[in-house]
Amino acid sequence: MNILVFTKRVPATQEEELRILGDGKEVDLSKLPFKVNDWDNYAVEEAVRIAEKTGGTVTAISIGDAESDEVLRRAIAMGVKDGFLIEVEKVLQDPYARAMLAYNFLKKENIPFDTILTGVQSEDDQFASVGGILAALLKVPYSSMVIGIDNVENDHLILRRELEGGLQERVKVMLPSVLSIQSGINEPRYVSIMGVRKASKVERKVFKAKDYEESMSSLIEVVKWVYPLKKGGATMLSGELEEICKQILGIIKEKGVYQ
Amino acid sequence: MSCALIVGEVRRGIFEERNLDTIGISSLLGKETCLLIPDNAYTISEKQVDTIIKVKTDEEAFLNPLNLVGIVEQAMNTYGKPDFVLFTHSSSGMESAAYLSGSFGLPLITDVSGYDKDTGAFYKSYYSDKIFGEFRCVGQAPYVLTVRSGSFKEFVAEKATSPKIEFIENVAVNTSRTFIEYVEEEKTEIDITKAEFLLSVGRGIGNKDEIPNYEELAGLLRAVLSGSRPVIDKMWLPKPRQVGTSGKTVKPKVYLAMGISGAFQHIAGMKDSDCIIAVNKDAGAPIFQYAHYGIVADMHKVRDKLKEMVKG
Ligand SMILES: Cc1cc2nc3c(=O)[nH]c(=O)nc-3n(C[C@H](O)[C@H](O)[C@H](O)COP(=O)(O)OP(=O)(O)OC[C@H]3O[C@@H](n4cnc5c(N)ncnc54)[C@H](O)[C@@H]3O)c2cc1C
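Chains as they are written, first to last, in the numbering used here: chain W, 7 to 265; chain Y, 994 to 1305.
Excised from the complex, chain W in its bound form:
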């Protein structure tokens, strides 16, 4: 089984304050730490597990700047064989443009695959659509929110998709196919810094996006970035820790859930 897995380097923003620069044209990411997109970790792990079980190889592909080599090395440390970086000069905001770039690359480089895995969404732009657009361009079936792969056969997969409210559906998907992998499908293996360093020795190939930009244009564009509209917002409790905790206990007593 030849598996391709897309992995992306994203800013870690959970604990950071984000600033919009100028008149809304740019978000300042310069001081942020970067990491592997959480959902892609699960996709890489799942790809490696399938290959370990059924034989075959896994290749990781990243679309990003030169620093995205970091996420390829991590994928290799997890058991991926090769890493391909499609190096872009500027961020492609449109998922269609990104999927078209991936499509042109796979076609032009004639890269064979039985299945392509992506994470369900990127933590940064949350489009959740590159996999689906790519599947349609490749004219192969697509399944998103894959939370379990129950059976792998030569020509098909039996998998579970996550729906809402704890419900899942089991589907059969013929190969070749594209799947987007949901978090929680597995427990991604631990990779040590040593392992990542060792993976640096495995050759990664760098391709320039401009060689694959044929028939590529953005169908949507960002006019500007804005801060979220303030809703009501919370009453912030302040003071010493003891004072704050007293207030918390006061509130829960008042609500009648604690005596």
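There could be a bad hint or two in this list.
[Unchecked claim] Selected chain Y positions facing chain W (Cβ under 7 Å, derived; list incomplete):
#, residue
1, PRO1058
2, TYR1072
3, GLY1073
4, ASP1076
5, TYR1092
6, PRO1100
7, TYR1119
8, TYR1120
9, PHE1172
10, PHE1190
11, LEU1214
12, ASP1275
[Unchecked claim] Now the stretches of chain Y that chain W is said to cover, found in silico as 3 or more residues with beta-carbon under 8 Å:
#, region
13, 1154-1165
14, 1176-1184
15, 1263-1270
Since the hints were derived computationally from the structure, they do not count as laboratory data.
Positions of the beta carbon are idealized from the N, C-alpha and C atoms, including for glycine.
Please build the complex by placing chain Y with the ligand on the supplied structure of chain W, with the hints as guidance.
Just chain Y with the ligand now, with coordinates in the frame of chain W:
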């Protein structure tokens, strides 16, 4: 036809409430609304849309993206090209919207949660709601949107007349992906939807070893311990304790959220709680927008202090 084509979501015979958001945004866009649904279920109020196209197929085949692309194409060929094709930002909506965009080269914006009538811009969340992008479509219509649940339902407008009913028959069924069965979640003794007081922990908890400490606090406060998705994904708490769109929707009297950032998939599951108290060390965490009371602090310190005070 200058209309918005709404792809209705029906699961196990029920017309999902989140469809109201796609109907709502189409009113806001000022378009005729045309609802596409499988023939088997129909519980929508008679006057919420202008036209209903009933598709002679079962819901599972309808929601399969490989079939849906053909169904939308058939609707366009028969009834004209819409300006928009609208999906809910759900598991199936995201899947089909992307496949449709790729199949016909249509502009796609997902997770739309705002629209500015004056500029025609759509708002889409980035970085878990810390920043929003104002987007516009530059490619050829129809524009494909997936719409965030809870964002537009207040814009649903009653029509003067009952909808026109049309039909699509002879749907081509693709066999390269087929539905097998629904899989239900296991039942457990503790039902977080029944709890009056939930103590919910998120990724901020840091590691598994901390769970017993929060269990102890929950015990002391007579609360039930629940969590956000990352905590459940790591199996630190069982799946039925997950709050959010793909977990449970809860409405306790008090929801005490510790170390949870406030991604909309989490918020959607707890925003109707009577009283939300959030503890987060990041003053800019989106959860503070939804909480009634907020505390910027290290959750572990708050936990220890609460324990100390309750124990006396
Ligand atoms: C299709 C789909 C379905 C989903 N369904 C759900 C769902 O049902 N439920 C759900 O919860 N999520 C769901 N998610 C995931 C969701 O998008 C977020 O990834 C998730 O809710 C984030 O959880 P979190 O807030 O615990 O973690 P994070 O976003 O990582 O936030 C952790 C927070 O902890 C704070 N923190 C860190 N350390 C401390 C400390 N010591 N003290 C205080 N605060 C601290 C940080 O400032 C941060 O705000 C879904 C996603 C998708 C794509």
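Now the hints, each set against the structure:
The beta carbon of PRO1058 of chain Y comes within 6 Å of a beta carbon in chain W, closer than 7 Å, and the hint placing it at the interface holds. With a least beta-carbon distance of about 23 Å to chain W, the hint placing TYR1072 of chain Y at the interface is violated under the 7 Å criterion. Interface hint at GLY1073 of chain Y: violated, since its Cβ lies 21 Å from the closest Cβ of chain W, which is beyond the 7 Å cut-off. Hint status for ASP1076 of chain Y relative to chain W: violated, with the closest Cβ pair at about 15 Å, above 7 Å.
Satisfaction of the interface hint for TYR1092 of chain Y is found here, the shortest Cβ-Cβ separation to chain W being roughly 5 Å, below the 7 Å cut-off. Checking PRO1100 of chain Y against chain W by beta carbon gives a least distance of about 4 Å; that is within 7 Å, so the hint holds. Hint on TYR1119 of chain Y holds. Least Cβ distance to chain W is approximately 6 Å, under the 7 Å limit. A cut of 7 Å between beta carbons decides the hint on TYR1120 of chain Y: the least distance to chain W is about 4 Å, and the hint holds.
A cut of 7 Å between beta carbons decides the hint on PHE1172 of chain Y: the least distance to chain W is about 6 Å, and the hint holds. With a cut of 7 Å, the hint placing PHE1190 of chain Y at the interface with chain W holds, because the nearest CB-to-CB distance is about 4 Å. For the restraint placing LEU1214 of chain Y at the interface with chain W, the shortest Cβ-Cβ distance is roughly 6 Å, inside the 7 Å limit, so the hint holds. Annotation: interface hint on ASP1275 of chain Y holds; nearest CB of chain W at approximately 5 Å, less than 7 Å.
For the region 1154-1165 of chain Y, the stated coverage by chain W is not satisfied: 0 residues place a CB nearer than 8 Å to a CB of that chain, which falls below the threshold of 3. Coverage of the region 1176-1184 of chain Y by chain W holds [criterion: at least 3 residues with CB-CB distance below 8 Å; count 3]. Residues of the region 1263-1270 of chain Y with a Cβ under 8 Å from some Cβ of chain W number 4, which satisfies the need for three, so the listed coverage holds.
Hints 2, 3, 4, 13 from the earlier list are contradicted by this structure; the remaining hints agree with it.
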